[in-house]
Amino acid sequence: MTTNTPIHDFVREHYAERIKSNASCCGDSCCSTDSKLYPEELLATLPEGESAVSYGCGDPITLASLQPGQTVLDLGSGAGIDCFFAAKKVGETGHVIGVDMTPEMLERARSSAKRLNLSNVEFHQGYIEELPVDSNTVDVIISNCVINLSPDKSKVFAETFRVLKPGGKLAVSDIVTDGPLPDAVRKSLSAWAGCVAGAVDAKEYVGMMAAVGFTNVSINPVFFAREDVDSALDEMKDSIELQAISRDDVYKSVYSAKITAYKP
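When you line the sequence shown up against my numbering, it's residues 6 to 269, in that order.
Just so you know, these hints were derived from the structure itself, not from any lab. The reader is advised that the hints may include incorrect statements.
[What the hints assert, rightly or not] Dumping the calculated DSS-like pairs for lysine-lysine here, alpha-carbon to alpha-carbon at most 25 Å:
#: 1; residue 1: Lys263; residue 2: Lys170
#: 2; residue 1: Lys263; residue 2: Lys93
#: 3; residue 1: Lys160; residue 2: Lys263
Given the sequences, and given the hints that come with them, work out the whole structure.
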């Protein structure tokens, strides 16, 4: 059973406030805007305005190469944008499940799904460390800038492996690092919510996936613009030490990545 932690509480409250204020992304500009995250042909599958709320750092939909009839699970589905894209890809014979721990996000996602008349999408409240999904039932798992938020990533990967069917695919966009982050960043709750402090070294990330049984793990970097990192750090003001760190150290270390893996 997943134990609720101060990190879970802080992250939940952070994103509840962001959805209430219609703010996009982890921070003011720590991720790209929708027009940069997704190709135009994918955005065109949803009515104008429905893609306004995104909290991601990439495009897991294109990475996943979804096919009609597949069952898809979105870890940390937020306001539902990736679920809605996935629903269009898998069609009426497919099914999409979104899991998120923030009630305000789930409320927005369900409201949007109803407005879009998407009957092949459902949303459940839960932790990604303890998925409310049966074993061996999912063809593809997607996630967008969420696994880095978990304080127990090994458990997340164990759960994703459990629910995937044999031959199933994991396709995520997430934040990783090249080397360790400064301690002041690691200890900052606002840096956790800002998708920075929870990021781990790419080699460690891949190692955790391999340890639970994933194979053919691939990780490809997508580096942030300097101003995006600066903006994210500007929001993290809960520590005097954090304000004094070298931003060059963070800028050199933190990046988004396209990550895929398979369950044998």
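Status of the hints after comparison with the structure:
1. Lys263 with Lys170: holds, 21 Å
2. Lys263 with Lys93: Given that 25 Å is the threshold and the Cα spacing comes to 21 Å, the pair holds.
3. Lys160 with Lys263: holds, 20 Å
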